[in-house]
Amino acid sequence: MKRNPQAGVRRQAGLRLVVFSDADLDDIHRGTLEVLERTGVFVESDEALDVMADGGCQVDRENKTVKIPPHVVEDAVRAAPASVRLAGRVPENDIVLEGGRVGFTNFSAGIMVIDPRTGEYRKSTTQDVADLARMTDRLDAIDTYEHAVEGRDAPEETLAVRDAAIALKNTTKCVGTGAMSTYDVDAIVRMGAAVAGGEDKLRERPLVYFCECPVSPLKITKDAAEVIMASARHGIPNNVISMAMSGASSPVTLAGTLVTHNAEVLASLTLAQLTERGAPTIYGSSTTAMDLRFAAASVGSPELGCISAGVAQLAQRYMLPSFVAGL
Amino acid sequence: MAALAGANLIYGAGMIESGVTFDYAQYVLDNDMARMIKHAVQGVPVNDETLDVDDVHVVGSFGDYLSLDSTMRHMREQSQPRFMDRRVREDWQAAGGRDAYDAAREAAKRILDEYHPEPLPGEAAERIDAIVAEAEERAGVR
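Going line by line, the protein sequences match chains A and D. Using this note's numbering, read the first sequence as starting at 1 and increasing by one per residue. Using this note's numbering, read the second sequence as starting at 328 and increasing by one per residue.
In isolation and in its complexed conformation, chain A is listed as follows (with noise of 0.2 Å):
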């Protein structure tokens, strides 16, 4: 049989789940510009009161605080870029994290493993960060690396800066670090840049991206805005991912929490727009619940997965790239 083609059909394309209605996006984002604005937040890096007193902020220099206008919140939210791409050493593992689109990477920053040949629990070393490294290019539904575990077997100063050097060799995924200071973020661009033929290629192709966490309550310490700043000035992915615990750190209403979370990343994305325009920044989340009846984190948890899926929509009203907690 003939069928002809249809005018005009509106059809879904996807599952979406929907956690909040324009009203509750607004009232998110007005409750943010409010808190930045009248409470402001804790910097401690003296080049980043400068930065922010320059963008426009009312900076109290005495106790290290800025208090940021609405205007300049909106302004770097509309310059950060709404498509970020994070590149593979060979380009079938390039990734651009955008939209809907949905990925996945491994959990960071682990200090303990269980060895899969002896079944053994036991504390990670830099021959865990090379295996794991070499597992994420295996792992065919894994797009990128993040530092996966700490190498507890050599000096815990190099840290960052060694297990990067580890992860670039022995993965050809995306290589995602931390890094405690300028120092490192410059270090760890000369390595992508080593690899990728130049920094300027390394810009068109990130190899590497940073992260760093604000501290909850509102607070950038001086190694996050460092790694925010150095990460900006080289024009490479860096990943503000706050940490607030709903009860502890942040309100115990999850829409509270949402509140003092989006004011931590939004302050830290303003001070990344402020020092470089179009500076690539990643909106990231792993906020949570405190279990106050333990003291701790939720992980795993309805409370996790609202927020989690919130935080994704957020994103998108922002048009900005997400890296939330979740699997």
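FYI, nobody ran anything at the bench for these hints, they're computed from the structure. Among the clues, some could well be false.
[Stated by the list, open to error] Derived pair list, reagent style DSBU-like, types lysine-lysine, alpha-carbon separation capped at 35 Å:
1. K365(D) <-> K201(A)
2. K436(D) <-> K123(A)
3. K365(D) <-> K123(A)
4. K123(A) <-> K219(A)
5. K222(A) <-> K123(A)
Let chain A serve as the given structure and place chain D on it in line with the hints.
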């Protein structure tokens, strides 16, 4: 939930014990799960080809769909978990009766023994080593 909301990069694969411990076998299992989730978020495409009404007419109540062209055409689109075992109990037992964790642990060992990604060009590796050496020198740990 995060995947259904369209999160771009979801992290956590391989983790147990609230993020303290990384379990190689769990990582292999989570890879399977990640692939299944990527499958699920694609939902159910609806169009003339997928509605497949003409085949339904041909097969009627007494035929089957196994040998149809449309089945051949679309069979690779089906989800294919490696460690979530879909066999019935008897077949699973006959094949050794290993649970998913043991099978994943074997797979992890196999990857570690046999898999080697494309190495870095020698010159790049040397420059990376030099940068690490420099960092160690600076920190006074070399």
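Each hint, compared with the structure:
| no. | hint | verdict |
| --- | --- | --- |
| 1 | K365(D) <-> K201(A) | holds, 30 Å |
| 2 | K436(D) <-> K123(A) | holds, 18 Å |
| 3 | K365(D) <-> K123(A) | holds, 32 Å |
| 4 | K123(A) <-> K219(A) | holds, 31 Å |
| 5 | K222(A) <-> K123(A) | holds, 29 Å |
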